[in-house]
Amino acid sequence: MQRETRIIKTTLDMVTYAAGLASNPADIDPLLDSVRSITARLGPGQLPSTEDDQFLVGVYLQVEQYLTLKEPIRTFSKEDLRSRLTPELRRQIETYETKHKENSVT
Amino acid sequence: MKQGRIIAICTLVVALSAGAIITQIPVPAAWQGSTAAFHLPLAGYTIMACLHVGAAVSFLTTLGVYKAQLRRAYLAIAAGIVVIAVGTLQVSIIGDLNAWHSAWVVRGGLILPFLCSSLILYLGIRYFAQLVGAKSILSRAMLIVPVAMIMSIAATFLPHVATTVPEIGFAIGNGITAWSGLLILAAAMLVLDVKQHIGVHYTHAMTALSLPFFTSFIILAVQFVHTLTSTSTTDLTSSLITIMAIVSGILWLRAGYAFVQTREY
Chain D
0 MQRETRIIKT TLDMVTYAAG LASNPADIDP LLDSVRSITA RLGPGQLPST EDDQFLVGVY
60 LQVEQYLTLK EPIRTFSKED LRSRLTPELR RQIETYETKH KENSVT
Chain C
0 MKQGRIIAIC TLVVALSAGA IITQIPVPAA WQGSTAAFHL PLAGYTIMAC LHVGAAVSFL
60 TTLGVYKAQL RRAYLAIAAG IVVIAVGTLQ VSIIGDLNAW HSAWVVRGGL ILPFLCSSLI
120 LYLGIRYFAQ LVGAKSILSR AMLIVPVAMI MSIAATFLPH VATTVPEIGF AIGNGITAWS
180 GLLILAAAML VLDVKQHIGV HYTHAMTALS LPFFTSFIIL AVQFVHTLTS TSTTDLTSSL
240 ITIMAIVSGI LWLRAGYAFV QTREY
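Same order as they appear, the protein sequences are chains D and C.
Take 0 as the starting number for the first sequence in numbering that gives the first Met the number 0 and just add one per residue.
Take 0 as the starting number for the second sequence in numbering that gives the first Met the number 0 and just add one per residue.
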């Protein structure tokens, strides 16, 4: 009965975790199409490549944005959503955000 | 998580204590059956009512994390649960006190909770379904409510055993049971539809929510058939209905607990 509060370690799990929180998955389904193509390519136990990781971080941020701004039934905060991620994943997200902020400025 | 568990345990303790206290109430002089036949249904429905109230409290404790629209759906579900419990408990009390000719019963007060509770629950679930984008024919209230009404009216014409209750009162009672059963069934099926549609974080809670709805429908269906075929209120079927009412209370409490769990992610 008790829900397991596990720590999320991979970028793929991170996207799956965030997507599972959407009360209306149809809203974020187009975002997940590209994630499905990555999972289809991976063999059992195989981890995503560095390029895929970067892509998945981008997808996670889009899902996170949906959850914090558009989710129809409940309120989410970035901090709470990221609290279950490993420090390494949080660092990857921050790096991605900084990089994209710099790109948008230049 | 802890809060949900505390509410569930406190509810169970209060429900069992209330049931035990009820068995100590003196039997009225006018009562013609056995002492057990007086106390057991009353104790059973008291336990059921306490469990329903505990479930409603569980639902209300989750309001904080949800947006205003879902709060409305939750409030409707919680209100429906409480009203259904109060309605069932009052029937047991009225039966034990043989107050079938009291002003409350004669003026229609008895049927009011049953008329409202199923409609409130159905509308609450329908609102929930709309919020998460679940589109189903069952969420069309303009279709479901009139269909339930027509079928309830049709149910009043069904043949039944001879009874001392005036025909009009008997027909209204059966009609209300059919009305409640049909709306609860529609709500139960709508919950399953929402479960298919909603994100994985909520699927366990939706499964837990569907169970008390289906149990309530079975209770109402058994009650409906029993009323048409028997006048006894102390037979095996009546006892079975009391037990199932307690089970539905436990399932409501479990559903409330499952929804408390959805607060965490």
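Hints are computed from structural coordinates only; laboratory data are not their basis.
Just so it is clear, the structure is predicted and the values come from calculations on it, not from any experiment.
Honestly, I wouldn't trust all of these hints.
Computed beta-carbon distance windows for the label pairs [as the list claims (entries may be wrong)]: (1) C:ILE136 to D:THR74: 27 to 33 Å; (2) C:TRP103 to D:ILE6: 53 to 59 Å; (3) D:ARG5 to C:ARG70: 26 to 32 Å; (4) D:GLY44 to C:GLN195: 52 to 58 Å; (5) C:CYS9 to D:ILE6: 57 to 63 Å; (6) D:ILE6 to C:VAL104: 55 to 61 Å.
Covered by chain C, per the in silico footprint, the following chain D stretches (three or more residues, Cβ under 8 Å) [unchecked claim]: (7) 18–30; (8) 73–80.
Residues on chain C that point at chain D, a partial pick, calculated with CB under 7 Å [claimed, not checked]: (9) GLY63; (10) VAL64; (11) TYR65; (12) ALA67; (13) VAL131; (14) ILE136; (15) MET188; (16) LEU191; (17) LYS194; (18) ILE197; (19) HIS200; (20) TYR264.
Note that the Cβ used here is the ideal one computed from N, Cα and C, for glycine as well.
Now for the hints, and whether the structure bears them out:
1. C:ILE136 to D:THR74: 27 to 33 Å: 31 Å, holds
2. C:TRP103 to D:ILE6: 53 to 59 Å: 58 Å, holds
3. D:ARG5 to C:ARG70: 26 to 32 Å: 29 Å, holds
4. D:GLY44 to C:GLN195: 52 to 58 Å: 30 Å, violated
5. C:CYS9 to D:ILE6: 57 to 63 Å: Roughly 32 Å apart at Cβ, these two residues miss the hinted range, so it is violated.
6. D:ILE6 to C:VAL104: 55 to 61 Å: At 59 Å between Cβs, range holds.
7. 18–30: holds (count 9)
8. 73–80: Answer holds; 5 residues pass the 8 Å Cβ test.
9. GLY63: 9 Å, violated
10. VAL64: 5 Å, holds
11. TYR65: Status holds, d = 5 Å.
12. ALA67: Nearest chain D Cβ about 10 Å off; hint violated.
13. VAL131: With a minimum Cβ separation of about 5 Å from chain D (threshold 7 Å), the hint on C:VAL131 holds.
14. ILE136: 18 Å, violated
15. MET188: 19 Å, violated
16. LEU191: 16 Å, violated
17. LYS194: 12 Å, violated
18. ILE197: Holds. Min distance 6 Å.
19. HIS200: Nearest chain D Cβ about 5 Å off; hint holds.
20. TYR264: 6 Å, holds
In the structure shown, a violation is registered for the earlier hints numbered 4, 5, 9, 12, 14, 15, 16 and 17, in ascending order.
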